[in-house]
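Residue numbers (the UniProt record's numbering), protein chains in the order written: chain P, 1 to 200; chain Y, 1 to 200.
Hints in this document: simulated from the structure, not taken from any laboratory. The reader is advised that the hints may include incorrect statements.
[Claimed, not checked] In silico negatives: residues of chain P with every beta carbon more than 12 Å from chain Y:
| id | residue |
| --- | --- |
| 1 | Asp20 |
| 2 | Gly25 |
| 3 | Cys31 |
| 4 | Tyr44 |
| 5 | Gly50 |
| 6 | Ser108 |
| 7 | Arg135 |
| 8 | Ile152 |
| 9 | Asp153 |
| 10 | Trp194 |
[Stated by the list, open to error] Have a look at the derived ranges for each label pair, beta carbon to beta carbon:
| id | chain 1 | residue 1 | chain 2 | residue 2 | range |
| --- | --- | --- | --- | --- | --- |
| 11 | Y | Gly71 | P | Gln196 | 14 to 24 Å |
| 12 | Y | Ala128 | P | Asp4 | 51 to 61 Å |
| 13 | P | Gln196 | Y | Phe68 | 44 to 54 Å |
| 14 | P | Ala128 | Y | Ala36 | 28 to 38 Å |
| 15 | P | Glu88 | Y | Pro127 | 38 to 48 Å |
| 16 | P | Gly71 | Y | Gly173 | 43 to 53 Å |
| 17 | Y | Gln195 | P | Gln196 | 23 to 33 Å |
| 18 | Y | Ala128 | P | Leu147 | 33 to 43 Å |
| 19 | P | Gln3 | Y | Arg59 | 40 to 50 Å |
| 20 | Y | Gly173 | P | Gln196 | 31 to 41 Å |
Backbone N, C-alpha and C define an ideal beta-carbon position, used for all residues, glycine too.
Number of protein chains: 2
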Amino acid sequence: MSQDSRICFLGDSFVNGTGDPTCLGWTGRVCAALAAAGRSITYYNLGIRGETSMALAQRWQGEATRRFAPGADNRLVFCFGTNDTTWERGRVRIDLADTLAHSRQILSIARTLAPVLLVSPPAIADPAQNQRTQRLCQGLQDLCADLSVPYIDEFMPLQQSVIWMTQVQAGDGAHPQAAGYEEWAQHILQHSVWQQWMTP
Amino acid sequence: MSQDSRICFLGDSFVNGTGDPTCLGWTGRVCAALAAAGRSITYYNLGIRGETSMALAQRWQGEATRRFAPGADNRLVFCFGTNDTTWERGRVRIDLADTLAHSRQILSIARTLAPVLLVSPPAIADPAQNQRTQRLCQGLQDLCADLSVPYIDEFMPLQQSVIWMTQVQAGDGAHPQAAGYEEWAQHILQHSVWQQWMTP
Numbered sequence: 001m002s003q004d005s006r007i008c009f010l011g012d013s014f015v016n017g018t019g020d021p022t023c024l025g026w027t028g029r030v031c032a033a034l035a036a037a038g039r040s041i042t043y044y045n046l047g048i049r050g051e052t053s054m055a056l057a058q059r060w061q062g063e064a065t066r067r068f069a070p071g072a073d074n075r076l077v078f079c080f081g082t083n084d085t086t087w088e089r090g091r092v093r094i095d096l097a098d099t100l101a102h103s104r105q106i107l108s109i110a111r112t113l114a115p116v117l118l119v120s121p122p123a124i125a126d127p128a129q130n131q132r133t134q135r136l137c138q139g140l141q142d143l144c145a146d147l148s149v150p151y152i153d154e155f156m157p158l159q160q161s162v163i164w165m166t167q168v169q170a171g172d173g174a175h176p177q178a179a180g181y182e183e184w185a186q187h188i189l190q191h192s193v194w195q196q197w198m199t200p
Numbered sequence: 001m002s003q004d005s006r007i008c009f010l011g012d013s014f015v016n017g018t019g020d021p022t023c024l025g026w027t028g029r030v031c032a033a034l035a036a037a038g039r040s041i042t043y044y045n046l047g048i049r050g051e052t053s054m055a056l057a058q059r060w061q062g063e064a065t066r067r068f069a070p071g072a073d074n075r076l077v078f079c080f081g082t083n084d085t086t087w088e089r090g091r092v093r094i095d096l097a098d099t100l101a102h103s104r105q106i107l108s109i110a111r112t113l114a115p116v117l118l119v120s121p122p123a124i125a126d127p128a129q130n131q132r133t134q135r136l137c138q139g140l141q142d143l144c145a146d147l148s149v150p151y152i153d154e155f156m157p158l159q160q161s162v163i164w165m166t167q168v169q170a171g172d173g174a175h176p177q178a179a180g181y182e183e184w185a186q187h188i189l190q191h192s193v194w195q196q197w198m199t200p
């Protein structure tokens with residue numbers, strides 16, 4: 001019997017897997033791969049469509065900690081930011097400095113509770129927003145280095161993925177279908193930071 | 001473009017899909033079938049392993065309502081009870097009367113917020129607990145009739161499912177693997193109460 005791992009994935013629609021008709025997204029695919037490898041995985045998907053870092057900061061801790069089990073290998077994976085860099089009513093929804101402040105608040109608490117990993121927001125079909133998101137990714141990477149939180153960049157690999165970008169452009173401009181999420185999942189599973197983080 | 005349906009599934013490990021190596025459970029399979037039929041579905045899985053009706057009553061409303069989107073077809077599906085009828089330290093975790101009181105509290109509020117449906121707890125591999133769960137199912141059915149909340153019994157169909165009972169017995173005594181959850185999903189999808197409830 002392998003270790004009882006319970007992973008909470010926290011973030012926005014990309015954590016939820018919005019647009020994926022298989023209802024797995026990258027998070028479900030990653031957990032299914034772990035289960036196929038013999039790991040005992042409980043998969044908690046706590047992505048909320050449209051949510052910014054500000055709203056996430058207010059709700060993640062209660063939702064995650066009530067899913068932790070005493071003695072289990074409880075883990076936290078965050079992925080957010082795209083809704084912060086969205087242009088709405090003549091401005092971005094959340095300024096870069098505020099997003100980074102929320103992120104610092106979230107990760108500073110999270111790392112005291114369980115092993116934490118941050119996954120960057122992806123590239124989408126909006127070049128102007130992608131520029132803002134790329135600046136955010138740099139800030140998140142620096143923050144994670146400062147807090148010693150493992151960080152995986154998905155912005156660049158997904159921007160370079162023909163499957164991802166094609167499905168995003170063919171869809172609502174942000175979300176792919178199954179093949180795009182499969183790209184994301186495979187990149188996570190093959191990433192040394194992920195593999196090291198998940199080593200029992 | 002079909003209606004934007006957002007379904008929160010609230011309950012315990014059977015909502016979570018615990019034991020299913022595909023990480024879909026019956027809830028993910030049901031939503032994938034809706035998506036395959038052309039429905040626009042956002043799938044929010046809010047099952048928590050080991051949770052009783054008492055803990056569910058305290059957390060469901062906050063978690064569900066923050067996932068509702070203005071103008072969307074927001075929906076609530078509940079499934080709980082097995083942890084209440086579990087024998088622990090010389091007694092059941094939650095007495096039948098208390099489970100029904102929590103259930104009335106949950107469903108009375110829920111039906112004022114969104115279309116609600118209750119799915120009964122399943123049969124498992126423990127005959128004594130099954131007797132208690134079957135009494136609970138009768139109480140839940142009566143409660144739903146009283147509150148005009150649609151109710152689907154999964155106790156009997158799963159008790160009669162060779163695939164379900166075989167996988168449950170081969171596993172931890174409560175949870176099946178993929179084929180068992182597929183049985184559950186197919187029963188829901190073919191049930192007239194479900195079909196009527198999901199009619200746009």
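Consistency of the hints with the structure:
Its beta-carbon lying about 8 Å from the closest one in chain Y, aspartate 20/P breaks the requirement of being farther than 12 Å from that chain. The Cβ of glycine 25/P does not lie farther than 12 Å from every Cβ of chain Y; its closest approach is about 9 Å, which violates its non-interface assignment. Non-interface status of cysteine 31/P relative to chain Y is broken: a Cβ of that chain comes within 12 Å, the nearest being about 5 Å off. Not every CB of chain Y is more than 12 Å from the CB of tyrosine 44/P (nearest about 7 Å), against its label as outside the interface.
Separation of glycine 50/P from chain Y is inadequate, the least Cβ-Cβ distance of about 7 Å not exceeding the 12 Å criterion. Every C-beta of chain Y lies more than 12 Å from that of serine 108/P, the closest at about 23 Å, which supports listing it as non-interface. Every CB of chain Y is more than 12 Å from the CB of arginine 135/P (nearest about 28 Å), matching its label as outside the interface. No Cβ of chain Y comes within 12 Å of the Cβ of isoleucine 152/P; the nearest lies about 20 Å off, and the non-interface call holds.
Distance check on aspartate 153/P: its Cβ is at least 24 Å (rounded) from any Cβ of chain Y, clearing the 12 Å threshold; non-interface status holds. Every C-beta of chain Y lies more than 12 Å from that of tryptophan 194/P, the closest at about 17 Å, which supports listing it as non-interface. The given range of 14 to 24 Å is broken by glycine 71/Y and glutamine 196/P, whose C-beta atoms sit roughly 44 Å from each other. In this structure the supplied range 51 to 61 Å is violated for alanine 128/Y paired with aspartate 4/P, their Cβ-Cβ distance being about 26 Å.
Range check, glutamine 196/P to phenylalanine 68/Y: Cβ separation about 38 Å, and the 44 to 54 Å hint is violated. With their beta carbons about 35 Å apart, alanine 128/P and alanine 36/Y fall inside the hinted range of 28 to 38 Å. One distance hint, 38 to 48 Å for the beta-carbon pair glutamate 88/P and proline 127/Y, is violated here, with the actual separation near 57 Å. Distance hint check: the CB atoms of glycine 71/P and glycine 173/Y are about 20 Å apart, inconsistent with the given range 43 to 53 Å.
For the pair glutamine 195/Y and glutamine 196/P, the supplied restraint of 23 to 33 Å is violated, since their beta-carbon distance comes to about 48 Å. At about 50 Å, the CB distance of alanine 128/Y to leucine 147/P disagrees with the hint of 33 to 43 Å. Distance hint check for glutamine 3/P and arginine 59/Y: the Cβ-Cβ separation is about 26 Å, which falls outside the suggested range of 40 to 50 Å. For glycine 173/Y paired with glutamine 196/P, a C-beta distance near 35 Å keeps the hint of 31 to 41 Å intact.
The structure does not agree with the numbered hints 1, 2, 3, 4, 5, 11, 12, 13, 15, 16, 17, 18 and 19 stated previously, though it agrees with the rest.
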